[in-house]
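*Asks:* Take a look at the letters that make up each chain.
2 protein chains.
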Amino acid sequence: MRAERIFTNARLATMDPALPGLGVVERGMVAEAAGRIIYAGAARAIEADEIVDCEGRWITPGLIDCHTHLVYAGDRAAEFEARLQGAGYEEIARAGGGILGTMRATRAARAEDLRAAAKRRMAALVAEGVTTIEVKSGYGLSPEAEYKCLEVAKSLGDAADISSTFLGAHGFPPEMARADYVRLLCEEMIPHVAAHKLADAVDGFCEGIAFSPEEIAPFFAAATRHGLRVKLHADQLSNLGGAALAAKFGALSADHLEYTSEDGAAAMARAGTVAVLLPGAFFTLREKQLPPVEAFRKHGVRMAVSTDLNPGTSPLFSLLLAMNMAATQFRLTVEECLLGVTRHAAAALGRSDVGVLTAGAKCHLAIWDIERPAELVYRIGFNPLHQRIWSAA
Amino acid sequence: MRAERIFTNARLATMDPALPGLGVVERGMVAEAAGRIIYAGAARAIEADEIVDCEGRWITPGLIDCHTHLVYAGDRAAEFEARLQGAGYEEIARAGGGILGTMRATRAARAEDLRAAAKRRMAALVAEGVTTIEVKSGYGLSPEAEYKCLEVAKSLGDAADISSTFLGAHGFPPEMARADYVRLLCEEMIPHVAAHKLADAVDGFCEGIAFSPEEIAPFFAAATRHGLRVKLHADQLSNLGGAALAAKFGALSADHLEYTSEDGAAAMARAGTVAVLLPGAFFTLREKQLPPVEAFRKHGVRMAVSTDLNPGTSPLFSLLLAMNMAATQFRLTVEECLLGVTRHAAAALGRSDVGVLTAGAKCHLAIWDIERPAELVYRIGFNPLHQRIWSAA
Numbered sequence: 001m002r003a004e005r006i007f008t009n010a011r012l013a014t015m016d017p018a019l020p021g022l023g024v025v026e027r028g029m030v031a032e033a034a035g036r037i038i039y040a041g042a043a044r045a046i047e048a049d050e051i052v053d054c055e056g057r058w059i060t061p062g063l064i065d066c067h068t069h070l071v072y073a074g075d076r077a078a079e080f081e082a083r084l085q086g087a088g089y090e091e092i093a094r095a096g097g098g099i100l101g102t103m104r105a106t107r108a109a110r111a112e113d114l115r116a117a118a119k120r121r122m123a124a125l126v127a128e129g130v131t132t133i134e135v136k137s138g139y140g141l142s143p144e145a146e147y148k149c150l151e152v153a154k155s156l157g158d159a160a161d162i163s164s165t166f167l168g169a170h171g172f173p174p175e176m177a178r179a180d181y182v183r184l185l186c187e188e189m190i191p192h193v194a195a196h197k198l199a200d201a202v203d204g205f206c207e208g209i210a211f212s213p214e215e216i217a218p219f220f221a222a223a224t225r226h227g228l229r230v231k232l233h234a235d236q237l238s239n240l241g242g243a244a245l246a247a248k249f250g251a252l253s254a255d256h257l258e259y260t261s262e263d264g265a266a267a268m269a270r271a272g273t274v275a276v277l278l279p280g281a282f283f284t285l286r287e288k289q290l291p292p293v294e295a296f297r298k299h300g301v302r303m304a305v306s307t308d309l310n311p312g313t314s315p316l317f318s319l320l321l322a323m324n325m326a327a328t329q330f331r332l333t334v335e336e337c338l339l340g341v342t343r344h345a346a347a348a349l350g351r352s353d354v355g356v357l358t359a360g361a362k363c364h365l366a367i368w369d370i371e372r373p374a375e376l377v378y379r380i381g382f383n384p385l386h387q388r389i390w391s392a393a
Numbered sequence: 394m395r396a397e398r399i400f401t402n403a404r405l406a407t408m409d410p411a412l413p414g415l416g417v418v419e420r421g422m423v424a425e426a427a428g429r430i431i432y433a434g435a436a437r438a439i440e441a442d443e444i445v446d447c448e449g450r451w452i453t454p455g456l457i458d459c460h461t462h463l464v465y466a467g468d469r470a471a472e473f474e475a476r477l478q479g480a481g482y483e484e485i486a487r488a489g490g491g492i493l494g495t496m497r498a499t500r501a502a503r504a505e506d507l508r509a510a511a512k513r514r515m516a517a518l519v520a521e522g523v524t525t526i527e528v529k530s531g532y533g534l535s536p537e538a539e540y541k542c543l544e545v546a547k548s549l550g551d552a553a554d555i556s557s558t559f560l561g562a563h564g565f566p567p568e569m570a571r572a573d574y575v576r577l578l579c580e581e582m583i584p585h586v587a588a589h590k591l592a593d594a595v596d597g598f599c600e601g602i603a604f605s606p607e608e609i610a611p612f613f614a615a616a617t618r619h620g621l622r623v624k625l626h627a628d629q630l631s632n633l634g635g636a637a638l639a640a641k642f643g644a645l646s647a648d649h650l651e652y653t654s655e656d657g658a659a660a661m662a663r664a665g666t667v668a669v670l671l672p673g674a675f676f677t678l679r680e681k682q683l684p685p686v687e688a689f690r691k692h693g694v695r696m697a698v699s700t701d702l703n704p705g706t707s708p709l710f711s712l713l714l715a716m717n718m719a720a721t722q723f724r725l726t727v728e729e730c731l732l733g734v735t736r737h738a739a740a741a742l743g744r745s746d747v748g749v750l751t752a753g754a755k756c757h758l759a760i761w762d763i764e765r766p767a768e769l770v771y772r773i774g775f776n777p778l779h780q781r782i783w784s785a786a
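Top to bottom, those sequences are chains P and B. Per my numbering, the very first residue in the first sequence carries number 1; after that it's consecutive. Per my numbering, the very first residue in the second sequence carries number 394; after that it's consecutive.
Just to be clear, a hint being listed does not mean it is correct.
Claimed, not checked - Far from chain B, by Cβ distances over 12 Å, these chain P residues were calculated:
1) 39
2) 147
3) 329
Said to hold, decoys possible - DMTMM-like cross-link-like pairs, simulated, lysine to aspartate or glutamate; straight-line CA separation at most 20 Å:
4) P:248 <-> P:207
5) B:547 <-> B:593
6) B:681 <-> P:287
7) P:119 <-> B:655
8) P:154 <-> P:353
9) P:288 <-> B:680
10) P:119 <-> B:764
11) B:691 <-> B:655
Derived by calculation from the structure, the hints in this document are not laboratory data. Glycine included, C-beta positions come from ideal geometry on N, C-alpha and C.
Work the whole structure out from these sequences, hints included.
*Replies:* Okay, here's the thing in structure tokens:
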């Protein structure tokens, strides 16, 4: 074995599923060739062109933010301010705020401006060792605007791995009837997205204020026919059986899940659907209903943690902070949080080539100035990243 | 008027008490000479040696973090992890955790190591435009260890203005009786701290698990006799009348205040005592009892917002995030949050030379890449600082 580069004198949290917990290797090393890990484990002699001495630092896989709405125009700071002064949702909507306000701004924006704004947001994630980011459309709600956003998402792949998701079923555009939009999604947009490989999966928002389960079902059926995996914003504000619906379509993930029942959790376990927990939205909306973490544990549902980065309900730009919020609010353990932004986040994207330090995986690393992995969850608003290694290959 | 440096083409949030709200000047400038602001207001012609074009960015006063426990050894990440796995407080205390664990580590640490650790934490605050930091002792709980921590605090003044506070009444050292420690504080430590100018004020923790009001009173009386202003951790977990006690001694601030009654708020208003709100501890401890913000508004109590940076109950290293948490959890308005980390935070430290952009104030500036001040409160885990100006003079 000959490596291009080795990272020596490191402590590893490999997240290797063959090892217990975080897959810790105390006196470890990582060897890389052609952008892939060729060895990760106990220190041994490997010839290499370049040696990086980690001086006892910890290495984790590069972090994965598996649920973001990174591409949008405008922000909602003025709306945030108005709400703190007592403005109600209706008043804000009348003043052009809310999701339709973001839709209008996003439709009007040029692709290059959307890209520039997204790059700035992405820089905050990347600065914390994030190497893989899921990016959803969903603020266009028209064929032209949705495709534009998905193209922008793809273009972000010059600084991190991007998984793009077509969130056409995020809301209803004001210019047509609901049934017409569902038909447009199924008969025109999904086929186009699939044919042009604009997205890796589709996503919907199943909620009283968004799509009903009866509207999501044909959308998911069309996606499945066109070879696209599905994801779902499920049971965030009420229990419409979203988790079970997602599981029925073999969803990669169901996300939010505050109101999911134990039956829903069991269905997810059977389908292998990952539970993506989004504590930033829970915090921002001041929710009280906790996701059924015990049921997920009991049934063996893998849990991921993500920022839900979006301009309205979760303007959260830090995956480290998402972990802290998941621990503090949802009582996830440190181990659950760290698996939730690595191996389990990868599973939520249908990927096994990232989120682990094992031979064959991409050489995406985060090298940390910490004494123990718990520090990544414990501190609030502190970034101990020493170096991020992202292998474009 | 001739300036050494002018900052032109800027939008100002001056926090000038003579102006309403944030004291906004849309087409503004700041002029500096000898480390002081000599003019801040509408753009006009001022000769200067150096011109900084702010390109339309916003300038606020450099931010002030008016309640931190920045100097300590060790951290409590392992304890955080154990608690998420279900360990109780007693179990953690037996394993050497809790405040006494921090005390032991702090006593054992060399001053230079305490300083290096504090510098690293401070760098996170400074990166967000903080130019003035209050630093408490309180993890020494012996004359030698408390003085060591106060010396370390003073030594941090090479990168920000430091206000140091002698928090001798933080807890009781295990090696002596309570009454003996109170006597030691009053008869030996306060006189020493005052004589050697080791602190600008004293502070105590008035709570069922810490000092009783009857123990705080002689401590405050001794401080007052020696010319030191007082501050108090008050009414955080229960209402022991801490706010009223602080007001009785003309305290600069009472801090936490979740359980403060309206009478306590009224007493604070009469005494001019600032209410320092600490949403990071509220978040970390998953508290439900909200501080009486309406009563503070009604009685005209000035509110400040701070990180409470400490290793146990608030490992929060971001003052921007403290503002977001104050808005989201406590429903402070954007204006209240921003005054709370500038002019009102200065008042909590007994200072009027920082926290405002007015002639005569120190030229401590934060220059921001934002469109409106609300963005500083709205975003979670995002730092839009363009440049920090800290004038050591």
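*Asks:* With a cut-off of 20 Å on the C-alpha distance, tell me whether residue 248 (chain P) and residue 207 (chain P) pass.
*Replies:* holds, 17 Å
*Asks:* Has the given pair, residue 681 (chain B) with residue 287 (chain P), been kept, meaning a C-alpha gap of at most 20 Å?
*Replies:* holds, 13 Å
*Asks:* Are the Cα atoms of residue 154 (chain P) and residue 353 (chain P) separated by 20 Å or less?
*Replies:* holds, 18 Å
*Asks:* Against chain B, does residue 147 (chain P) hold up as non-interface, every C-beta pair farther apart than 12 Å?
*Replies:* holds, 28 Å
*Asks:* Hint check: residue 691 (chain B) vs residue 655 (chain B), CA-CA at most 20 Å. Holds or violated?
*Replies:* With a Cα-Cα distance of about 9 Å, the restraint between residue 691 (chain B) and residue 655 (chain B) holds, given a limit of 20 Å.
*Asks:* Check the hint pairing residue 119 (chain P) with residue 764 (chain B) against an upper bound of 20 Å on the C-alpha distance.
*Replies:* Roughly 18 Å separates the two Cα atoms, so the pair holds.
*Asks:* Is the Cβ of residue 39 (chain P) farther than 12 Å from every Cβ of chain B?
*Replies:* holds, 29 Å
*Asks:* So if I understand the rule, the pair passes when the alpha-carbon distance is 20 Å or less; does residue 119 (chain P) with residue 655 (chain B) pass?
*Replies:* Not OK: residue 119 (chain P) and residue 655 (chain B) at ~48 Å, beyond 20 Å, violated.
*Asks:* Residue 329 (chain P): least C-beta distance to chain B exceeds 12 Å?
*Replies:* Since the minimum Cβ distance to chain B is about 8 Å, residue 329 (chain P) lies within 12 Å and the statement is violated.
*Asks:* Are the Cα atoms of residue 547 (chain B) and residue 593 (chain B) separated by 20 Å or less?
*Replies:* OK: residue 547 (chain B) and residue 593 (chain B) at ~10 Å, within 20 Å.
*Asks:* Hinted pair, alpha-carbon criterion (20 Å max): residue 288 (chain P), residue 680 (chain B). Please report holds or violated.
*Replies:* Holds. Residue 288 (chain P) to residue 680 (chain B) sits at ~13 Å (cutoff 20 Å).
Checked against the numbered hints above, the structure breaks hints 3, 7 and satisfies the rest.
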